[in-house]
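Engineer: Residues per chain, in single letters:
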Amino acid sequence: MPRTEPISAITPPAAGATTAPPGPAAETRPRGAGFDVLTLMCGLWLLTLAVVALVAPLLPLGEHQDSALTLAEPIYAPPDLASAHPLGTNALGLDLLARVIYGARISLVVCISAVLIGMAVGGIVGITAGYLRGKVDVVIGVLTNSLLAVPTLIMLIALASVLRPTPQNMVIALSLVAVPGMIRVARAQTLALSQREYVTVARALGARRSRVILRELLPNVALAIIPLGMIYISALIVAEASLSFLGIGIRPPQPTWGNMIAEGQDGKMEQYPFLVIVPAFFLFLTVFSFNLIGERLRKVWDTRQVKL
Amino acid sequence: MIKPLLHVRDLRTVFQTARGAVPAVAGVSFDLQAGETLGIVGESGSGKSVLGRTIMGLVAPSRTTAVHGTVEYDGTDLLQASPKRRRALLGAEIAMVFQDPLSSLNPVKRIGIHLTETLRQHRELSRSEARKRAVELLDMVRIPEAARRFDQYPHELSGGMRQRVMIAMALSCDPKLLIADEPTTALDVTVQRQVLDLLAVLCQERKMATILISHDLGIVSGRSDRVAVMYAGRIVESAAAEDFFRHQHHPYPRGLLASTPQLDSPARTVLTTVPGRPPDLARWRGGCHFSPRCPNVQERCRQFEPPVEQTTDGRTLACFHPVAPKGGEVNGRNR
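Residue numbers (our numbering), protein chains in the order written: chain V, 1 to 308; chain X, 1001 to 1335.
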């Protein structure tokens, strides 16, 4: 049978095909696995939020906390981008844009520190358990499982009744949520990785135990833990917001996204939906972004492992 | 007689498994002189890799693993040495090249780091000196554009290149003893040859004693001074390479050599094979391990295990009924 068609079949895909699988186009311009517009936007959102939260005191924002200064301001002003209160005001006349940005400060700082502590503690403990095995592993395993056995929210509520609701205490409480998961992942990774030949190679070249852990295992375990940390940040933002919403987290007038949403209780939301929509929108976008970026990071870093 | 560089006596490595004790290495003895190359051949599961790893101390005694015997390197018993003493020897005096270059390099570390870390651990070198030395090493194993490779990650290199990097790592501190555990099994045939030749040249240049472990007699032939054939954890026959390839007394190596495909044999010649499979060591009831597959098997072979004995012509042999060379009796055995 004469074959005339295949010629067109092997021509390179059209220039518009951005997600083309490794074809001629992909070869000429190597790119990370799936860094697309959505990821870029999520990254931009997080970056903007972080920068704005960082420099919040320098920005010309309305009052966010002290209702004594807002006696003259309108209450429940609806969002109007042209006005002095672009996202409206709450029952005390406090500016919602300012509150949502100062809320981001607390939420982000608290959750990111909690995750960093969780990653450091969980990573070290997990690697130790996975590499040493034996009794150490058993003890750590029991402790991890007991922590995991307590439902997150119940544990946080219990802790809240003991600890004063300061940001520092929130960090401690929330890091307790992140630690057991991190231990598990770090331990599982270590178990798999310590069977890899390069660990044997390092030992055959005279490496001591601490060097095997720090130089061979840790960088590889970190690749697994960092994306998980991103996902934990989003989970903890939600957990922190839940506590604030329930009134056992950080208390008003200090704004957090959770206690801002709680202001919509008692029928206020039906009357003034923006009270809830504004913080909820910030919360949603942030959680979504952390999740998506965590997921993408995992994929990108996985390819390096897969290629080997 | 010169004191051997490596002196292995009655080495046993036994793994406790759910199915029973598996003696992966069951009483191996050999001596290796400085600069000598020993080829160890055996099929999968014959214990040759475990032997290599036991010598390196990588098979650590534990609840499920027992190691007995002596491994004496230059007067130091490696099995009894303190971890510190052993670490000082490993990498510096004794090095190992592993089977699988794909998983032997850490994917998150640059090529150069692999080399400089070992160098700086055993030698007092500054960062820049180590880098210079590492590039030299990469050059020595014939890696083109060594300076550029230094900053690349393992996945950016081909399999052959990675194995060269492994060899460079192993040789970085000028070891006196190199254990090459199937160094080319994961590579294709042409690359295999290049890597083996490179290894042979480097060993000769540095007067390095080498243990070359392989499942392929063809790889060992022409590259080793002595050949030892392992079966079920024991060395069933060992001899100087020349003697070994001229004649094999033990029916197993004999079968192995007979089953090597020959290019000049007529087309459609049926390949000779050694029938059967290696024995299940956990369920072994006694007798010669090769007896179920042996063409010359006799009643005695099924009941007793033949001891490893020295023959007068410098071989060791573990067989009750060795195959005589053409037109002659088996050399008298020392009883």
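Possibly wrong hints are sitting among the right ones.
Label pairs and their computed distance ranges (CB to CB) [what the hints assert, rightly or not]:
#	chain 1	residue 1	chain 2	residue 2	range
1	V	Leu-147	X	Ala-1200	54 to 64 Å
2	V	Leu-147	X	Arg-1009	50 to 60 Å
3	X	Arg-1120	V	Leu-44	16 to 26 Å
4	V	Val-142	X	Thr-1272	50 to 60 Å
5	X	Thr-1065	V	Gly-43	32 to 42 Å
6	X	Glu-1242	V	Leu-191	45 to 55 Å
7	V	Gly-247	X	Arg-1120	36 to 46 Å
8	V	Arg-298	X	Gln-1152	16 to 26 Å
9	V	Leu-40	X	Ala-1066	50 to 60 Å
10	V	Arg-298	X	Thr-1272	48 to 58 Å
11	V	Leu-143	X	Glu-1309	24 to 34 Å
12	V	Leu-143	X	Arg-1063	20 to 30 Å
13	V	Val-300	X	Arg-1009	44 to 54 Å
Treat the hints as calculated values from the structure; they're not laboratory data. From the three backbone atoms N, C-alpha and C, an ideal C-beta is built for every residue, glycine too.
Engineer: Are any of the numbered hints broken by this structure? If so, which, sorted upward?
Structural biologist: 3, 5, 7, 11
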